[in-house]
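Colleague: Sequence:
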Amino acid sequence: MESQPQRQYAEQLRQMMFGLGDLPEPCSGSLDLVEDFLRLRLSRWAAAAVAAHERRDGPHEAEVSAADLVAALRSNRRALAHCIRYHRLLAERRAACRLENGGDGAEEAAEIGGPELVEQLAEGADCDERSLPPFLESALPEAADALAQLQAEQQQRLQRLNRCSEGLSPADYARFARSRRCCLVGHGGGSASRSDLRRFRSWLGPAGHSLSSAACRLLSYLAHQAVAELLDTVKLRRAETWPSEALLLEA
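Residue 27 is where the sequence shown starts when you use the working numbering, and the numbers rise one by one after that.
Since the hints were derived computationally from the structure, they do not count as laboratory data. Keep in mind it's a predicted model, so treat the numbers as computed, not measured.
The calculated label-pair distances, taken between Cβ atoms and stated as ranges, are: (1) 170 to 83: 26 to 36 Å; (2) 159 to 58: 28 to 38 Å; (3) 235 to 181: 31 to 41 Å; (4) 81 to 186: 40 to 50 Å; (5) 259 to 100: 18 to 28 Å; (6) 175 to 67: 17 to 27 Å; (7) 89 to 193: 42 to 52 Å; (8) 201 to 67: 23 to 33 Å; (9) 81 to 55: 34 to 44 Å; (10) 100 to 220: 29 to 39 Å; (11) 259 to 58: 12 to 22 Å; (12) 80 to 164: 17 to 27 Å.
Glycine included, every Cβ here is placed at the ideal spot set by N, Cα and C.
The task is simple: from the sequences and hints, build the whole structure.
Modeller: If you want it as structure tokens, here you go:
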């Protein structure tokens, strides 16, 4: 039986649950359960990506890429839709960096999964479909319905953010906004360091050590969205069962 994973991301998850769940204070009582859920889900996806990569290129060829990860997720339309939204905003950020700084945008593009990206995606940012890499552009037809559903959910979260942030002092609002920008790779801003990536790969287990940095960052974003969906599900269930407590999630 697998031993309990080391609690490596407690603070990131605690703040993430606070920001996405619209709680009055960061919660902590469910962290172990959430981390176990995320680690199991992401580890399975990583293992599937490694298997897909080995079938195509052999067991000793390069690292497992983001394209390999997407190929492993083709049967999961919601995850596929999240990958599409993620890459759209990545291309948008790269173009904005080029326009603003007159550069090639490479430095900004390397910050995939950083806090600004997560916040903008959480607020429904989007860009032209032509910016997608070929392996995602080919997946658009099968992910179309899931993309539309994700857009509606993201808009609901933005409306909830606006409601719960009314009346907050500038300091409290800044604290709440920062909590919405948490992710597991590159947490705290800027590009993910080698130690961030090493820690994340170790947390994922054996399959994680074969992943490229781009695949790790994509998995980190999918983790952020999994927490958001988990909290949304709990909110909906509480709304059905305990309407007066629909906006509370017990720590």
